[in-house]
Amino acid sequence: MPAALDALASLRERWRASATPVPVVAPVPTPWRGVRVRLAETWQLFPQSALDAVIPCPAVSRIPGTRPFVMGVASWQGGLIPVLSGECLFGLADAPGPARGYALVVRRRGFHFALTTAELRGPLTLAEEAFTESIPPTAPRAEWCSGSVEFGGQVLAVVDIDRLLSDPRLSDTVLPRPCSEESLS
Amino acid sequence: MNTFNRLAGPLFAVLALGLLVCAGLGLYLLLAAGLVSEPARPGLLLLVILAAVLALLAMWSAWRGWRAVHQRQPALEELLEQMASGDLTVSLPAELRGQPLADALESTLQGQRELLRALRQPFEAMAAEVYRLGKHNRSQVTLASQVSRQLQDSVALQGESRRGVETLLDSARRSGEVGQGHQQGVRRGHNLVRDMSRAAGELRQSLQETSKTAKRQGELIQSVTSAAEYIQGLNTRVSVVAINTRIEAERAGEQGRPLLGIAEALGELLRESEGEGRRITAEIRTLQNLSAESLSSLETTVSSVVTILEFVDRLDNTLEQTAQSALELQQLLAQLQESATGTSRALRQLDNGMGDLLGQGGEISDQSELLRQGVANLQQNLSNLGRALSRLRLERTETPPAADIPGAET
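Sequences listed follow chains A and B, in order. Sequential numbering from 2 applies to the first sequence in this note's numbering. Sequential numbering from 602 applies to the second sequence in this note's numbering.
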């Protein structure tokens, strides 16, 4: 019996010496894809996963009684799509300016709208390692950002579309009415 | 003399008698020798008789004169001795008055008194004048020596003046040379200013041309900027196409992979293009800034050139004024040189004149010395004459006149 065990041990050693190791498959990092947009005079990164399309700023029809960042509705691919002003939403402007630049069509569960931007660059493909958790102080809306990355000599904030959509201010687009005598009565 | 006067009468009588005897003896001898002819004998005899008569008359006359004199001899001798001693105060005794000799003597004495009176007054005046002349001569000798010393000092000062004038002449000559050099320098400066003015004018024209070129360059830069902005807009539109392509490719899944590759390649090209566009934009901006700076610099340069032209104009005017001043200065120096030359010539003539004057001063000194000696001799002679005159007295109570002339050298 010991002899058998020794034989098995030597056999195991022989196999170990002659065996070919299993190749280790390195995990392929998933690159970050998106575009660089200028919102409220600040360059930020916008993820491609949230985009449905990028279109030139369409002609919009105003919707009365909506908040200022709601520019109106536009016709796109046979349907109507609300158009939000990126300048007004991310900036401190009280009223949106004239429609110019491009519109980022965002399609999410329950949300389908276009966000205007004055300028954009892209497409970009960045490694995930380049991203950090810190938010640059120049970001106009830090609560809608999930991190930052250094690109082209400057630190750009990355817009987190989920945080943007979870903000209740975006959901409430109705302009609050002033108190009338009827409502008071 | 008195002895001769005393013996003159007898001697004359003896001499006349002796001559009469000799004449008689001679006649006898002539007759005895037969040397006289017979017809001549009466005439000769008459002649001898006549001579004997005349001799007797002479003897008689001499005898009377001798007696007249020697009978009054003591009074006359005393009188004559007093007169000989200079005492003109004598008066003739009463026993001698009326005689011719006494009258003549009285008249002579009176004449001598008048002559002495007439001599004394001019003599005293002459003595005083000679004294003043001697005094004046001494002061003149002193003055002549002073003048001689002053002349020597003047000659020395004149030599210094001549040297000063020659130095001034030399300085004026050098100043003239320096002035000529200065004038040439001003002329060269004038030419330089003219060249500078012409160069500044050409530079201004060139700057104006360059300014036009710079403006044209600015317009071209503006056009290139517009083109770059247009290219940038095209890049943006291509970016949008690439983004949409990539979105569609991802949406298509495995089948959209070639489209994704195209989108990625398009993105790479866009990035390169964007980088180049950014670089071109930056360079265009730099070029714009440089053009603006060049324009500003050109305007500043044109303004500076205009200022330089004004300065050149002022410098030209100043140089002309300087040239005019240098010319006037040179004329003044020429006049000064002429004046100094004339002064030097006059000083040389004055030097010669001073030499002559110095020689004449020496001669004057010598002549003053001779004059002094002559005046001294004259004083001595006048003193001697005064002493001689002082022996002659006109009054009994009169004090003899000054024997010595004051200041006379003995």
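What the hints contain is simulated information worked out from the structure, not anything from laboratory work. Ideal Cβ placement from N, Cα and C applies to all residues, glycine included. Hints may contain errors.
[Claimed, not checked] Each pair of labels, with its calculated beta carbon distance range:
1. A800/B x Q155/A: 49 to 59 Å
2. R109/A x L835/B: 54 to 64 Å
3. Q78/A x N890/B: 38 to 48 Å
4. L891/B x L81/A: 27 to 37 Å
5. L835/B x A143/A: 28 to 38 Å
6. I832/B x A119/A: 12 to 22 Å
7. G876/B x R13/A: 56 to 66 Å
We went through each hint and held it up to the structure:
1. A800/B x Q155/A: 49 to 59 Å: holds (52 Å)
2. R109/A x L835/B: 54 to 64 Å: violated (31 Å)
3. Q78/A x N890/B: 38 to 48 Å: Holds, since Q78/A and N890/B (Cβ atoms, about 46 Å apart) stay within the stated range.
4. L891/B x L81/A: 27 to 37 Å: violated (52 Å)
5. L835/B x A143/A: 28 to 38 Å: holds (34 Å)
6. I832/B x A119/A: 12 to 22 Å: 18 Å Cβ-Cβ, so the 12 to 22 Å window holds.
7. G876/B x R13/A: 56 to 66 Å: holds (60 Å)
Of the hints listed earlier, those the structure fails to meet are numbers 2 and 4, in rising order.
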